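Note that the protein sequences, when read in sequence, are chains A and B.
Each residue of the first sequence is one higher than the one before, starting from 1 at the first, in the numbering used here.
Each residue of the second sequence is one higher than the one before, starting from 113 at the first, in the numbering used here.
Because the hints were derived from the structure by calculation, they are not lab data.
Computed from a predicted model, the values in this text were never measured in an experiment.
Note that the Cβ used here is the ideal one computed from N, Cα and C, for glycine as well.
Don't take every hint at face value.
[To be verified] List of simulated lysine-lysine pairs, BS3-like, C-alpha gap at most 25 Å:
1. B:K115 with B:K194
2. B:K153 with A:K72
3. B:K131 with A:K107
4. A:K107 with B:K121
5. B:K194 with B:K183
6. A:K72 with B:K152
[Claimed, not checked] Some chain B residues well away from chain A (every beta-carbon gap over 10 Å; in silico):
7. S160
8. D168
9. H185
10. S210
[What the hints assert, rightly or not] Stretch-level coverage of chain B by chain A, calculated; a stretch enters the list once three of its residues show a Cβ under 8 Å from a Cβ in chain A:
11. 170–184
12. 216–222
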Amino acid sequence: QQQVRQSPQSLTVWEGETAILNCSYEDSTFNYFPWYQQFPGEGPALLISIRSVSDKKEDGRFTIFFNKREKKLSLHITDSQPGDSATYFCAASANSGTYQRFGTGTKLQVVP
Amino acid sequence: DPKIIQKPKYLVAVTGSEKILICEQYLGHNAMYWYRQSAKKPLEFMFSYSYQKLMDNQTASSRFQPQSSKKNHLDLQITALKPDDSATYFCASSQESSNERLFFGHGTKLSVL
């Protein structure tokens, strides 16, 4: 079963707007949640991550909001730029885990 | 300079043949992984290794065999290739465990005819 879910599947925003990407998970032992950014023809690259002891993580225009009780998190991209157009993957892992589980991704397009 | 080298970048194979995908990492990491990406399953975990030992295998088929000849190498041998095996295969690594940042290679795009 899909342990990490993402929505929407695709998202289009205008340049300068805030893009909001959603992620949810099932396994309550998950405690590390990285977001990866992938451009066509390349491998995913870490964008920003959060651990379950925090409810918010900010890095420039990128912010993760984490709700442990509801098992949900979201990635906010403020002042979106055309260069942010990519696919974003939410992932999750646990201390005792042996691999990171990935969501199905959100394809973001930022229109100038 | 790419820190995780995957060879080849593109690979075309015929059904029933065997191929080896190469992965070398120069990050000094102790954990390595293989993921597969296709239109059906965006990033599907296959294998994880730690200190050259298999930690997890989520691949249903024995046609996929990882091979770790050196600490920084994790190759993937695929036998009796099928068209459904067509995908991009990504190698990744992390310092110690899966509970930290993964670094990915650029992938090997495999097409099985």
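Do the hints match the structure? See the list:
As the CA atoms of B:K115 and B:K194 are separated by approximately 30 Å, the hinted pair breaks the 25 Å bound. For the proposed pair B:K153 and A:K72, the alpha carbon gap of about 21 Å is at most 25 Å, so the pair holds. Distance hint between B:K131 and A:K107 is unfulfilled; the C-alpha atoms sit about 31 Å from each other, more than 25 Å. Only pairs whose Cα atoms come within 25 Å are accepted, and A:K107 paired with B:K121 is accepted, the gap being roughly 23 Å.
Taking the CA atoms of B:K194 and B:K183, the gap is near 30 Å; set against the 25 Å cutoff, the hint is violated. A hinted pair counts as satisfied when its Cα atoms are at most 25 Å apart, and A:K72 with B:K152 qualifies at roughly 24 Å. The claim that B:S160 is not at the interface with chain A is violated, since a C-beta of that chain comes within 10 Å of its own (minimum 5 Å). Listed as outside the interface, B:D168 is inconsistent with that label: its C-beta sits roughly 4 Å from the nearest C-beta of chain A, within the 10 Å cut-off.
Once the 10 Å rule is applied to beta carbons, B:H185 is consistent with being away from chain A; the minimum gap is 17 Å. For B:S210, the non-interface assignment is contradicted: its Cβ lies about 5 Å from the closest Cβ of chain A, within the 10 Å cut-off. Given a C-beta distance limit of less than 8 Å, the hint that chain A covers the segment 170–184 of chain B is violated, as 1 residues qualify and 3 are needed. For the segment 216–222 of chain B, the stated coverage by chain A holds: 4 residues have a C-beta nearer than 8 Å to a C-beta of that chain, and at least 3 were required.
When the structure is compared with the earlier hints, violations turn up for hints 1, 3, 5, 7, 8, 10, 11 and for no others.
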